[in-house]
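Asker: Residues per chain are reported as follows:
2 protein chains.
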Amino acid sequence: MLKKIKMKENIEKFMKSAIDMSIESVNNNGGPFGAVIVKDGKIISKASNSVTLHNDPTAHAEVNAIRMASKKLNTFDLSACEIYTSCEPCPMCLGAIYWARIDKIFYANTKNDAKKVGFDDSFIYQEIGKNIDKRKIPTIQIMRDKAIVAFNNWTEKENKIEY
Amino acid sequence: MLKKIKMKENIEKFMKSAIDMSIESVNNNGGPFGAVIVKDGKIISKASNSVTLHNDPTAHAEVNAIRMASKKLNTFDLSACEIYTSCEPCPMCLGAIYWARIDKIFYANTKNDAKKVGFDDSFIYQEIGKNIDKRKIPTIQIMRDKAIVAFNNWTEKENKIEY
Chain F
1 MLKKIKMKEN IEKFMKSAID MSIESVNNNG GPFGAVIVKD GKIISKASNS VTLHNDPTAH
61 AEVNAIRMAS KKLNTFDLSA CEIYTSCEPC PMCLGAIYWA RIDKIFYANT KNDAKKVGFD
121 DSFIYQEIGK NIDKRKIPTI QIMRDKAIVA FNNWTEKENK IEY
Chain V
164 MLKKIKMKEN IEKFMKSAID MSIESVNNNG GPFGAVIVKD GKIISKASNS VTLHNDPTAH
224 AEVNAIRMAS KKLNTFDLSA CEIYTSCEPC PMCLGAIYWA RIDKIFYANT KNDAKKVGFD
284 DSFIYQEIGK NIDKRKIPTI QIMRDKAIVA FNNWTEKENK IEY
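These protein sequence lines map, in sequence, to chains F and V.
For what it's worth, the numbering used here labels the leading residue of the first sequence as 1, then goes sequentially.
For what it's worth, the numbering used here labels the leading residue of the second sequence as 164, then goes sequentially.
These aren't lab readings, by the way, just hints derived from the structure by calculation.
A hint or two may mislead.
Derived pair list, reagent style PhoX-like, types lysine-lysine, alpha-carbon separation capped at 25 Å [said to hold, decoys possible]:
#1 278/V to 146/F
#2 130/F to 278/V
#3 166/V to 205/V
#4 166/V to 267/V
#5 293/V to 104/F
#6 136/F to 116/F
#7 171/V to 136/F
#8 205/V to 146/F
Here chain F stands alone, though its shape is the one from the complex (with noise of 0.2 Å):
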């Protein structure tokens, strides 16, 4: 039972740093949008959103925490990590946290706050959910002839570092 009072205010601590990160990041003139990274109940990274101040659209504050973690920790495999972030993750950073295999997300605002203040992660998310052709962005397919020969030679390569 203490153990369990304990872990609830281990996760309520970590989630105040991540949205501590959101707030200054606005008084900072970044977006306002904060992520903190744990392992072992250790905080190993923090991070705001920084597009506009590093003119950089990936540097959500989830990107940002992630890219940070793995160089801490110096593997690009989080597993048994957990995330902390202020919103609910975007499609580009719910995919960063899938390729970093993050254990768990826990967030407090949401894709439709995050809507109402002009961001709009849910037309991204809508975008990703349509078959190519029916999108936004014309996406054209050439030269896949070409291409494979990429991943042939990935396949018959000997030592490598898979992912």
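With chain F fixed as given, assemble chain V onto it according to the hints.
Answerer: Below, chain V without anything else, positioned relative to chain F:
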């Protein structure tokens, strides 16, 4: 007519460049993916997948190329750019392409080709389409009442850089 032939030649030249990056990448112990970003008929950035080389699970070819192009053009807005990628973008990369407002996507290998050589983008596509409570990664909402403060502050902030 001549213009059309020229356009087709250019498209094939840019895709060849992306494919060359993917083949080189396998030789250099990176993942078998390459991407090129083009604006006004000129290559702005070229990148390959460096997930294992740089211990960065977000370092897919498309994300790397977007980050490089944004840095070079000094903007988070890559509208009027095209991306040439040796493989159909995964959800993370597709999200990044939408956030970057790229105009057009050319791709060669498909997500099913990628699956066959061990990169399970299709699994992440499936997961993203599911409701939160049906996904493989446990995803829990907490503390929205605290997190919404950042969004309220954002709404009230004057002279903010929106994107």
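Asker: Holds or violated: are the alpha carbons of residue 171/V and residue 136/F at most 25 Å from each other?
Answerer: 22 Å, holds
Asker: Measure nothing beyond the straight line between the CA atoms of residue 130/F and residue 278/V; if it is 25 Å or shorter, mark the hint as holding.
Answerer: 19 Å, holds
Asker: Given the hinted pair residue 166/V and residue 205/V, is their Cα-Cα distance within 25 Å?
Answerer: Holds: residue 166/V and residue 205/V sit about 16 Å apart, inside 25 Å.
Asker: Just to be careful, I want the Cα atoms of residue 205/V and residue 146/F compared with a cutoff of 25 Å; is the pair within it?
Answerer: 22 Å, holds
Asker: With the threshold set at 25 Å, check whether the alpha-carbon distance from residue 166/V to residue 267/V stays at or below it.
Answerer: The hint holds at about 19 Å.
Asker: Is it true that the CA of residue 293/V sits at most 25 Å from the CA of residue 104/F?
Answerer: Holds. Residue 293/V to residue 104/F sits at ~16 Å (cutoff 25 Å).
Asker: Given the hinted pair residue 136/F and residue 116/F, is their Cα-Cα distance within 25 Å?
Answerer: 21 Å, holds
Asker: Take a quick look at whether residue 278/V and residue 146/F sit within 25 Å of each other, Cα to Cα.
Answerer: Given that 25 Å is the threshold and the Cα spacing comes to 18 Å, the pair holds.
Checked against the numbered hints listed earlier, the structure breaks none of them; every hint is satisfied.
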